[in-house]
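K.L.:
Okay, here's what each chain looks like letter by letter:
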Amino acid sequence: MRNLWIFINRYNAFFFFIIFFCIGIILTVKNNAYQRSVTVNSTNQVVGDVYNNLNVFKKYLNLGSVNDSLAAENAKLRTEILAIKNVDTTKDVVVKDTSGIPQYQFVPARVIKNSITLRNNIITINKGKADGIVSGMPVISPVKGVVGYIHDVSEHLATIKSLLHKDTYISVSIKKNNAVGSLIWGVGNTDFRKAYIKDIPNHFKINLKDTVVTSGFSSFPAGIPVGIVSNTGIATGGNFMTIEINLLNDFSSLQYVYVIKDKFAQEQKDLEAKIPNEQ
Amino acid sequence: MNSKLIIVNIVRWFILLLTQILLLRNLSFYNLATPFVYILFLLLLPFRIPNLLLYLVAFITGLTLDAFYDTLGVHVSACIALAFVRVLFISVTVNRDNFDEPDPTLGNMGFKWFILYSSLCIITHHIVLFFLETFRLTEFSYTLLRCLLSSVFTLFIVVLIEFVFYNRKMR
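Keeping their order, the protein sequence lines are chains A and Y.
Numbering of the first sequence is given in the working numbering, commencing with residue 8 and proceeding in unit increments.
Numbering of the second sequence is given in the working numbering, commencing with residue -13 and proceeding in unit increments.
Derived from the structure by calculation, the hints contain no laboratory data.
Careful: at least some of the hints might be erroneous.
Stated by the list, open to error - Pairwise CB distance ranges, derived in the manner of DEER restraints:
| no. | chain 1 | residue 1 | chain 2 | residue 2 | range |
| --- | --- | --- | --- | --- | --- |
| 1 | Y | 97 | A | 48 | 43 to 51 Å |
| 2 | Y | 131 | A | 62 | 37 to 45 Å |
| 3 | A | 37 | Y | 149 | 37 to 45 Å |
| 4 | Y | 18 | A | 10 | 45 to 53 Å |
| 5 | A | 26 | Y | 124 | 28 to 36 Å |
| 6 | Y | 124 | A | 75 | 42 to 50 Å |
| 7 | Y | 97 | A | 26 | 31 to 39 Å |
| 8 | A | 85 | Y | 124 | 45 to 53 Å |
A virtual CB, placed ideally from N, CA and C, is assigned to each residue, including glycine.
Throw the hints in and build the complete structure from the sequences for me.
P.N.:
The following block contains the structure:
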């Protein structure tokens, strides 16, 4: 003990140095954010590496139970997917008018029956009276293009008189010069990708690839794209010409449609009914 | 004699630390060379000072500097390292039993001895200081360059001060 004390006393400079230097280092690391972060980070790295290497081995030991739990999870997810598929995810969408009153309300609906090969094609959708659908409402496709008018409604379903129907007329205009005509289908052919615009006055100059939009004169909102002009050279021999367009809307792959509720439709109808019919 | 030594050292402590904190803290060449002249106080402590007292004084000096530099612990460690080198160097070069002179100034010990003594202490101090400040070895060469340039700068100022104030006996 005495010898130890002598030894320490003889080299006291060194021991003092060790003690004080350690205090200094501890102070540095404890009180300076940067130095602490460096220290802690490097220790974390070392610790993390050790744990990583350990985990590599642990993983193999747990493979069996992990497999089982994954299989169970898969089964659960599959059941959930089936449940979701049967739920109707379509919700109402409201389009705001600039005047603050939403004139048009879009009701999404799923097509549950569709035909394109007949002369008069009818589409059935999964929304009906319960969703506020009434006969005569316009229907458009979610991507682009018009679909037709609501023909008949039941409590939860509705039928659409598709554009591909002999009674369907939709007022359209050429976007560039607002030449108005009416869109019909099936006069000359029964190709579901093509339709005709009748009754466009002869003096309008119409080129190929002109865009055709709804005019707003029928119950469709104005400006919905309908198709692209594909042929202007159909002679009719009168003051009006007929042009052929390619429809933007693909009727063969129709999955969802929007039924458009016009808030002012009834008002407009009532107002126009007051005009005395002179014919 | 003894009380005079104490007073001289206390006055020196205040002057050097004030100079360091108020003036030299703002002095730096391209962030490469920064003088730390306050360690001149530690260099000039009397030969007969006990080791424990030397370390305590070094500790307090470092702590004061750290308080003003916002680097708690960095200057403390550097000063402690300097004190250790100082003890080693003095025990090797000077006869411990009968010191001729009270304190290791340039005038008392001669130019050669003082340059060797102060440059060793300064380099040790600066190496500890800068590496603790950087705290990583990725910028090793840059830190080392800063160390050496600062050491040269500090040594230059220390020797300059010594020549101005303590050269009477040399003549």
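K.L.:
State for each hint whether it applies.
P.N.:
Results for each hint:
{"no.": "1", "hint": "Y/97 x A/48: 43 to 51 Å", "verdict": "holds (47 Å)"}
{"no.": "2", "hint": "Y/131 x A/62: 37 to 45 Å", "verdict": "holds (42 Å)"}
{"no.": "3", "hint": "A/37 x Y/149: 37 to 45 Å", "verdict": "holds (41 Å)"}
{"no.": "4", "hint": "Y/18 x A/10: 45 to 53 Å", "verdict": "holds (50 Å)"}
{"no.": "5", "hint": "A/26 x Y/124: 28 to 36 Å", "verdict": "holds (30 Å)"}
{"no.": "6", "hint": "Y/124 x A/75: 42 to 50 Å", "verdict": "holds (47 Å)"}
{"no.": "7", "hint": "Y/97 x A/26: 31 to 39 Å", "verdict": "holds (35 Å)"}
{"no.": "8", "hint": "A/85 x Y/124: 45 to 53 Å", "verdict": "holds (52 Å)"}
The structure shown violates none of the earlier numbered hints.
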